[in-house]
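Participant: Residue-level listing of the chains:
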Amino acid sequence: MSQLRFREAVRAAMIEEMERDERVYLIGEEVGHYQGAYKVSEGMLERFGERRVIDTPITESGFTGISIGAAIVGLRPIVEYMTWNFSAVAFDQILNNAAKLRQMSGGQLRVPIVFRAPNGSARQVGSQHSHAMEHFYAHIPGLKVLAPATPADAKGLLKAAIRDDDPVLFMESETLYGVKGEVPDDPDFLVPMGQAAIAREGRDVTIVAWSRMVHVALEAAAVLAREGVEAEVIDLRSLRPLDETTIVASVRKTHRAVIAYEGWPYGGVGAEIVDRIQRLAFDDLDAPVLRTSFLDVPMPYNARLEQLVVPQASRIVEQVRKVLYRA
Amino acid sequence: MHQADPGSRGSDAAETTIAIEAAAPVAAAPDLGLLRVLRDDGSVDPATDPGMSAELLLRAYREIKRLRLLDARMILVQRQGRVGFYGACTGQEATPIATGLALEKDDWVFPALRESSIMLVRGFPLVPYLAQIYGNSADVLKGRQMPSHMSGRAVNQVSWSSVIGPQLPHAVGAAWAAKIRGDRTVTVGFIGDGGTSEPDFHNAMNLAGVYRVPCVMICQNNHWAISVPTARQTASETIAVKGRAYGVPSVRVDGNDVLAVYKAVSEAVARARSGGGPTFLEALTYRIGAHSTSDDPTRYRSDEEVATWVARDPLARLRRHLVHRGLLDDAIDAAMEQELSAEISAAITEVETHGPPGRETLFDDVYADQPWHLAEQRAELLRGPKAPAGH
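Protein chains in written order, with numbering that gives the first Met the number 0: chain A, 0 to 326; chain B, 0 to 390.
Hints listed in this document are in silico derivations from the structure and should not be mistaken for laboratory results.
As the structure is a prediction and not an experimental result, all values here were calculated from the model.
Glycine included, each C-beta is placed from N, C-alpha and C at the ideal position.
Among the chain B residues that face chain A by a calculated CB cut under 8 Å, a handful are:
| no. | residue |
| --- | --- |
| 1 | V139 |
| 2 | R143 |
| 3 | V171 |
| 4 | A173 |
| 5 | W175 |
| 6 | D199 |
| 7 | N202 |
| 8 | D363 |
Here are a few chain B residues that sit away from chain A, every Cβ distance over 12 Å (derived from the structure):
| no. | residue |
| --- | --- |
| 9 | A53 |
| 10 | E103 |
| 11 | R311 |
| 12 | Q337 |
| 13 | L339 |
| 14 | P384 |
Produce the complete structure using the sequences and hints provided.
Facilitator: Here is the structure:
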């Protein structure tokens with residue numbers, strides 16, 4: 000075990016997999032000489048050289064497109080966006096090519112590729128830098144979408160993603176990059192995709208979260224514990240495939256659920272989870288399933304207003320009180 | 000998308016009529032000139048002649064002829080409701096056929112709408128090719144892809160993207176992979192004149208130039224993007240000249256001249272293979288027929304304009320050359336046509352014996368391994384009422 004920050008765990012996963020498989024490459028804006036916009040790829044250019052750590056012009060759609068082409072003929076690119084927000088201009092390549100080429104080719108082609116970047120709110124970066132893009136991508140069959148909350152999961156899931164033969168989208172968070180945690184050193188330590196983790200056990204209510212919101216949900220659970228409410232916090236880790244078994248088992252125990260996530264309330268992964276719970280655990284529910292999400296507005300820049308839009312522990316606590324009929 | 004304002008069309012119709020250009024000197028500015036080999040009388044320009052063997056020329060003729068006959072038959076079966084859609088190559092066959100002949104087995108092809116036939120030239124059999132148009136159980140694509148989006152892993156051909164441009168960066172990326180791995184593979188990517196307005200044209204050209212990849216990018220300028228003429232697509236003097244700004248050597252070639260296209264593609268492929276980097280080719284041609292079976296071109300262009308280009312038909316020009324060289328006469332030509340028609344008829348008969356792909360195949364190939372939720376959906380579908388027979 001090593002104590003690593005989240006960014007170091009992501010880096011360790013990439014380095015180990017690039018040493019293990021020479022077909023793996025890292026490409027993106029500022030990943031090489033600048034050491035990564037968030038220093039995730041620090042030292043990697045020196046270690047692997049310019050043929051495997053590739054700085055690109057500012058062209059997300061372009062380097063996504065060429066990486067898909069390279070994956071078709073047998074490379075395994077890791078594509079870094081400076082943030083997931085900027086993947087919007089590459090959306091066509093991801094939607095129409097990465098996600099579909101295996102299916103459209105009758106299984107003759109495969110696109111083993113990892114797209115990774117920080118996602119969701121950061122601090123005071125305005126509406127165009129604060130999107131929770133997982134909701135757009137998780138809708139698409141052919142893609143896998145991961146959103147780890149801890150350094151260990153970041154490493155284990157990213158390594159699994161790089162070894163996977165399908166396109167995997169890996170959601171990091173600018174606000175998590177500095178978070179420290181115990182991370183296994185075993186070069187074959189993998190976290191399987193599609194398995195949620197119980198971040199905190201509890202009997203009174205289930206809070207489902209992923210990525211940064213797991214930490215906020217744990218904060219809310221600590222507040223609730225002081226009120227005598229024991230919340231179970233599920234860290235989804237993987238949004239597609241989705242571990243509905245763990246969610247449903249928890250709700251069958253607690254009979255109440257709140258989904259806490261970044262992103263807007265209209266549709267999205269949060270609504271998907273609510274659907275599964277009402278469909279699969281209807282008779283076990285003692286209250287409607289509620290959600291805590293962004294307010295339904297583009298993200299403001301002003302810090303005070305931004306804090307109102309982004310889910311806080313207090314808002315999760317408030318929703319939990321509602322499902323417990325204590326509000 | 001790609002529709003000009005019809006209200007402004009009438010006033011400057013004369014400006015948008017597509018004229019045939021004379022061959023122009025290419026040495027100084029190959030992106031502004033026009034590389035041509037075949038002369039009107041069937042002879043060749045010795046200064047540009049690539050010296051194709053008699054065998055290769057006859058092969059090119061046969062392939063173009065087969066494609067011409069195949070396209071006509073496919074439009075017919077589409078009109079009869081036997082297939083859903085078809086985009087013919089008629090009038091612009093010289094470029095895909097010459098490209099197919101200029102490549103090696105391990106090279107990769109990323110076609111656009113009208114270059115699917117390259118895989119036939121490179122050895123993909125006709126029956127499974129037609130099965131991709133019918134989308135039936137003989138189709139290696141399992142009935143999932145539109146007609147005229149043909150692909151085959153066996154011949155290193157990848158389906159183009161209906162969005163118009165995205166296949167060109169794929170071609171650059173495949174070439175980039177070859178460069179990284181140090182193998183000698185070359186990739187060829189296609190786009191149309193309309194596609195050059197898409198961001199992926201810029202992406203591909205820019206990255207091909209920056210990374211100096213072994214890629215040949217070919218624009219089939221057939222002068223019409225559905226109803227939009229090239230003059231309304233770009234104000235650039237030629238499309239080829241756009242390559243200059245990306246640092247990509249570019250050549251404008253007579254796309255109705257098989258010998259000229261073969262020369263341009265072969266030289267570009269040889270340079271790419273020897274580490275000389277990318278080339279951009281603009282093949283000047285004309286779409287004789289409709290954009291697709293969903294289009295009526297009489298609404299936006301004149302019969303006179305079409306007639307001037309029919310007179311420059313690549314098949315007729317090659318035929319003239321073969322006759323000039325004593326390689327072809329009416330009897331050989333008629334026998335070839337009969338043989339090819341019979342081959343196509345037999346293939347259509349065979350392919351139409353196959354039914355639709357099994358519905359259980361719907362859930363395959365979405366992922367490498369079928370996830371549990373798709374296994375559940377599959378089981379549910381198979382438990383349910385059967386689909387109507389034949390569909």
